[in-house]
Every structure is written in C-alpha cells, then in structure tokens.
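Peer 1: Residue numbers (our numbering), protein chains in the order written: chain L, 109 to 564; chain W, 49 to 230; chain R, 1038 to 1143.
Honestly, the hints are just simulated from the structure, not real lab data. We treat Cβ as the ideally placed atom computed from N, Cα and C, and that holds for glycine. Among the hints, a few may not be true.
Here are the simulated DSS-like cross-link-like pairs (lysine-lysine), alpha carbons at most 27 Å apart as the crow flies [as the list claims (entries may be wrong)]:
hint: 1; chain 1: L; residue 1: Lys245; chain 2: W; residue 2: Lys213
hint: 2; chain 1: W; residue 1: Lys213; chain 2: L; residue 2: Lys362
hint: 3; chain 1: L; residue 1: Lys129; chain 2: W; residue 2: Lys215
hint: 4; chain 1: L; residue 1: Lys129; chain 2: W; residue 2: Lys213
Sample of chain W residues lacking proximity to chain L, with all beta carbon distances greater than 10 Å (derived) [as the list claims (entries may be wrong)]:
hint: 5; residue: Phe63
hint: 6; residue: Val75
hint: 7; residue: Ile93
hint: 8; residue: Val104
hint: 9; residue: Ile106
hint: 10; residue: Leu123
hint: 11; residue: Asn127
hint: 12; residue: Phe144
hint: 13; residue: Ser148
hint: 14; residue: Ile178
hint: 15; residue: Lys179
hint: 16; residue: Gly182
hint: 17; residue: Tyr189
hint: 18; residue: Gly206
The lines below spell out each chain.
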Amino acid sequence: MNLLISLTALGVVAMFGGILKFRSMVMPLSVLGLIGASLLGVYAWNTNQSFLNDMMRMDNYAIAFSIVCMAGTLLTILFFHFFHSENEIHYAEAVALMLFAVAGCAVMVSFTNLLMLFLGIEILSLSLYVLAGLRKKDLLSNESSLKYFLMGAFSTGFLLFGIALLYGATGSFATTQIAYQLGIAGMNGMAAMGLLLLMIGLLFKVAAVPFQFWTPDVYQGAPTIVTAFMATVGKVAAFAAFLRLFQLCFAPSKEGYQLVIGTVAAITMLAGNIMAIYQSSTKRMLAYSSIAHAGYMLIAVMTLNASSNGSILFYSVAYTLASISSFLIVMVVQQNRNNDTADDFNGLGKTNPWIAFALAVSMLSLSGIPATAGFFGKFYVFSSAVSDGFIWVVAVAVISSFISIYYYFRPVIAAYSKQTHDPVMTMPAGTQALLILLSLLTILLGILPGFIAGII
Amino acid sequence: MLTSAFYFIAFVTVFFAVMVIAAKNPVHSVLYLVLTFFGISANYIFILDAPFVGIVNIIVYAGAIMVLFLFVIMLMNLNAEAEHRKSNAFLIVGAFAGGSLLLIVVDAIRKVDWKSVSGQESSGGAIGSIKVLGKVLYTDYILPFEVASVLFLVAIVGAVILARKEKLPLTVGQISHPVSES
Amino acid sequence: MPNIFQTVPLIHFVYLSALLFCIGVVGVLIRRNAIIIFMSIELMLNSVNLLLVAFSAYRQDPPGQIFVFFIMAVAAAEVAVGLAIIIMIYRNIRTVDINELSRLKG
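With the hints as extra help, turn the sequences into a complete structure.
Peer 2: Here's what the structure looks like:
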C-alpha cells in the first residue's frame, strides 16, 4: 500500500517536473523514488496485509512482481534519459506516464477484487497507448498508438463482459467470494462463459495466438524504448495478473480449461517462433519473439501448481533483463546504421566488443542456452509442466526453442563473423556500462538461480 | 404492462444499436448511439429500479461522451463519402463471427438454473438509490475510488501530450529525433 | 418494489445485453472508420453496464451498480485519450480510415 502511494506520488512529482521546470531533477528523483518504493516493498515482505475491505493484498507474490516491474521501469527510465535530452518536449510527462504505468502494475499484481484488476489494467494500458504515440509526427508511431488503443479497448470489452457474467454466477467481485461460490455450486454455464471471456481479454493483453495480430505492428511502430517498456513491464504485469486471477479464483476447476490454455500456449510458441524467422527487421523479430515468450509463460499458467508462482517470477526476471538489453542494442544499431536488419550488426564484435558481448548474452538468454538466466527460466516452467503430465506441451516448447535458436543467433553470428567498414558505433554515456551490468546479471542468474526461484 | 414495456424498450434499443453500425454517415451513427443509450437508461430507470445509474448514464454517456464524439466528427468534417466500405466478404465474416459469439453465449447461459441467481434476499428495496450507492462507494469501495484518480491523471497527462501541436516535418519510421523546446 | 422481477425473467436481460455486445463486436469487425469502431466499443461497454445493473437489481446487491460507475469513469478517460490519438492522426494524414494506416508490414 505504501508502495502504491509512493509510486503515485512519484508520478505526480515527475509530472510537475515538466510544468514547474525542474526537469533535471526528474530522472534522479524517479530513480531514487523507485528504489525507495522497492525498499518499502521489501520492508512489507511476509506481512501479507490486505487493505480496505480486502480490495488488494500485499502478499509476497504481489511484492515480488511489483519489484520486478519497478526494476524494469527503472532501467527504462535510465535508458530513456540517456537517449533523450531532458530539454526534449514531453520528457517529464513521458517519465510520469511510465511511473503511473508501474503504479497500475502494482495494482494489477496485488488485486483481490476484480474491480481492482480492471482499474490496474486500464491505468497500465492508457499510459502505454499514449507512450506508443509519443512521436507525434511519425506516422508509424501514430499507427502503432491507434492500433494498440483500438485493440486494447476492444479486449477490455471482453474482459468486462467476462467479469459481469462471473458476477452474475457468483454474486461478487471479490476473489475469495468467487472461489467460495464456485467451490459450492461448481462451474455452471454462465461462470464458464465468464471465465472464457475473461481469458480472451487477458490473452489479448499478453498477446497470445490467436489474439496476437496487433503485437508486431504496435511493437515495431512505437519508439524503441517504449517498445522495451511494453514488452517487459507491461507483459510481466499482465502475466502476473493472469496467474494471480487463476490461482485465486479458478484453481480447483483447472482440469476444465488446462487443455485450452495448453493448446493456446503450444500454438503461440510455434507461431511466434516460426514467424520470427521471416522478419528482416530485428525489432520486429523481437516482437515475434515476445509472442513466443508469452507462449512459454502460458505453460506456467496452465500447470497452475505450487511451483507456478516461483517459475513465472524467475522467467519474468530473466526475460526482462534479456529483452530490455536486446531492444536497447537494436536501438543503438538503428541510430548508428539507420536500419536494424541482421546485416547492420556486421562486425560489431570488432568495433564495439562490449556491445557485441551484451548482444550475445541477451540472445543466448532469450533462446534458453545453459549458463544464462533464460535457461533456468525455461527449465523451471517446463519441469513443473512435465511433473503434471503435460509432456506434449513441453515437447512443442522444446521444439520451438530449437527453432528460435536460428533467428536469435543471426545477429550474433553477423556481429562476430562478418566484417564491416562502418565506423565504431557511438552511444550516450552510461549505456554501455548498463548493458554490461545487465549481461552480468543474466549470467549470474544462470549460474546461481536459487535465490530468486525459491523466494515465493 | 411492465413486461410489454421491457420488450418495447429492448426492441427499440437493439434497433438503434444496429443502426449505429449500419449508418453511413458518422453523425447519424453518433445520434443513433445517443438514442441507444437513452434506451438503456430507460431500462435502468423504469424497469430495473436503478434511477441513479440511469441518470448518470444519460449525463455521462449521452451528455458528455457522445458530445465529445460529435465535436470531433464535426471538427474533422467527416461525411458519408469519407469511408470506403469494406468488401462484402468482410461484412459476412464479421457478421458470422458476431453471430457465433452470440450463439455461444446464449447456449452457455440457457441452461443455468436461475433460481440460484435471482431474488436471494430482499434488503428492503431501493438498492439503486443515491443513499445506498453512496454509502457503499465511500466505504467498501473507497480504494478503487482513489485508484481511479490515478487513471484520470494518466488521461489528463496523455491528452495534453497528444493534443499539443508540434512543428515538425512528417516522417515515416524515423530513427531518432532530438526535439528541443526552444 | 414492483413485481417486475417476477414478470420479466432475468435471462431476458442477459440475452439483451449479449445481443448488444455482439452488435458492438460486429461493428468493430466490419467498419473501417476509427471513430465508428470506437463507438462500437462504447456500445460493448454499455451492454456490460446493462448486464451488471440487471444482476445487481435482481440480486439486491449494490456492488454491481458501483462497478458500473467505474466502467463509466474508465470509459470517459479512454474517450479522452482515444479521441486525442485520433485527432493527432487526423492532423497528420487527414483521414481516420484504418486501412490508410498500413505502413507497418513484415
């Protein structure tokens, strides 16, 4: 609760930073504030407190995912500061929107009432619609913003219709009441329909097949830093909310829908990875890869057992680290070579060895090669699915992981084995250090995974 | 009497809703949507005994939101020729998808035992009054009420960002543009 | 309390709002004008409101109507942002036809 209040207050401060002309303070204040809010979260660890008529509960699950989202936001704000001068128009407002978005994430991951889930999703989505359109005179950014907005509002309609039917079937919006009523009466047709529509709404938000069609366009058109923000913080929060909803409300009747989620997960992984192969733009390739990763994370939602929380948390951390750094490298390449095909990575190993190293580590982690965090992320998710008997889903997942190696390695191979005559890439100060830090964290988590996986 | 009133209102509402998506002229669509909202509000006020929601629905939707739509449409000077219709195949696929969704929903709720849903306990009526709703909103639901304020902040900041004019050349997929406020 | 709850069965309200919802969905699928698509989405949200109020009235349970207020609030915020996006695009390309917006391709 303190965490949520401080995040909102921070957003308000950043907003006034733009109006009252103390822009140079916005970035340091936001960074300090996000660290402070994380400390407040750590302080509330194990208290498991619920607030104001059980609207939200700050259990360890909520705190852990809030901290992951805040860390992602912190990195995004830092990179945003590096790449955009603070005299730029809308600088402070954009930072404020990111902070509001992460406040929405904190609501989404701690809800115990469907009303709070709805409000959290809307706060996050509205911020992202605006952020996607941040470059107002760029037609691709415009298009991305409009598509995201129309699809997001459309999916909200499904989400709400599902909530309404569930309310009709159980007579409450509180997750405890819903679980209790469903436990007594079982799933009737209306509750099942409500569950299905809620699921459709959430699958839209996490971009799973067949509701993924907006993702590549939106991710490609949005400014790259915003894409990194959407693909990491937005997706992690959506998954945390998805899993929390199912854990709290529908866990006892999971046999009824596991097959549906499993099928969606399998198709999502295959489609995302196969489509990614055909992309020439690396940014668009990463958009398809994020669809594929939604498929892997859906496996944890499907199994829905005691280890799901821990495994999806670890997966989120690994995915966030690798995704943010790969989007940032794409951005550096775009700025220096004006394009982001695999050929533009040529010779990166010679000219900028550290950037090439960060690229290699993040791509290895995304494809799930051992000794990186991504490997253990997949390992935890897959092993809990196997122990519940979903061998076919895991088989599809492993096959699609092998497919993914092909396109993840394309820029890495270009960086190390091809020659270039282009000059050394330049980038804002601090970018390289931060990218190296992220790579080291990825490797560290790949060697010592234990201290995140077992935490919740 | 009330039963036939319900069916009349329902028929009118559905008719106007169909006209919203069928009308060629966007201005007509807006007006039909306002009428649809009036139909829904009539349901709230006369049949479901929820006068407060009904009045707020008229004030907020028909009064504020739809007027905003109307302003924007008139600002852009849109007319019937502005939109090229989609091909018939699209119409059929769209109608088919919507129809199958309707069938699935209807089939799922048809078999529900409604005894378990309706009329559990009567709390003395008038749950739709301002007094009851205000009390619930400001006690049990105070946290969502506060969180909604964050949502409005986002909307305000967002609308300001998007509506402010920038004097820049149009681009398609620019890599970066350092825009300084002179 | 009028005896309406005995005369009009609750399921007819559910049918009505499902019908309105599906009309909204069809509108989103078949129209190309961004503003009309947006209006269809508003229609979907209103059908949800109708459903919530109906359940709330039949169950004599106020939270359903409280939820409706929040949906209205969110819809208002969404309209503010959505129309701002549409105006931003209209300023740039002088149209709101979504098929004109197809520069992003693989």
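Peer 1: With reference to the structure, classify each hint as holding or not holding.
Peer 2: So, going through the hints one by one against the coordinates:
1. L:Lys245 - W:Lys213: holds (10 Å)
2. W:Lys213 - L:Lys362: violated (51 Å)
3. L:Lys129 - W:Lys215: holds (21 Å)
4. L:Lys129 - W:Lys213: holds (20 Å)
5. Phe63: holds (21 Å)
6. Val75: The claim stands: Val75 (chain W) keeps its Cβ more than 10 Å from every Cβ of chain L (closest is about 21 Å).
7. Ile93: holds (20 Å)
8. Val104: holds (17 Å)
9. Ile106: holds (20 Å)
10. Leu123: holds (17 Å)
11. Asn127: Nearest chain L Cβ is 21 Å from Asn127 (chain W), so the label holds.
12. Phe144: holds (16 Å)
13. Ser148: At roughly 13 Å from the nearest Cβ of chain L, Ser148 (chain W) sits farther out than 10 Å, so the non-interface label holds.
14. Ile178: Given that every Cβ of chain L is farther than 10 Å from that of Ile178 (chain W), nearest at about 20 Å, it holds.
15. Lys179: holds (19 Å)
16. Gly182: Non-interface label stands for Gly182 (chain W): nearest chain L Cβ at 16 Å, farther than 10 Å.
17. Tyr189: At about 7 Å from chain L, Tyr189 (chain W) fails to clear the 10 Å cut-off, so the statement is violated.
18. Gly206: Given that some Cβ of chain L is not farther than 10 Å from that of Gly206 (chain W), nearest at about 4 Å, it is violated.
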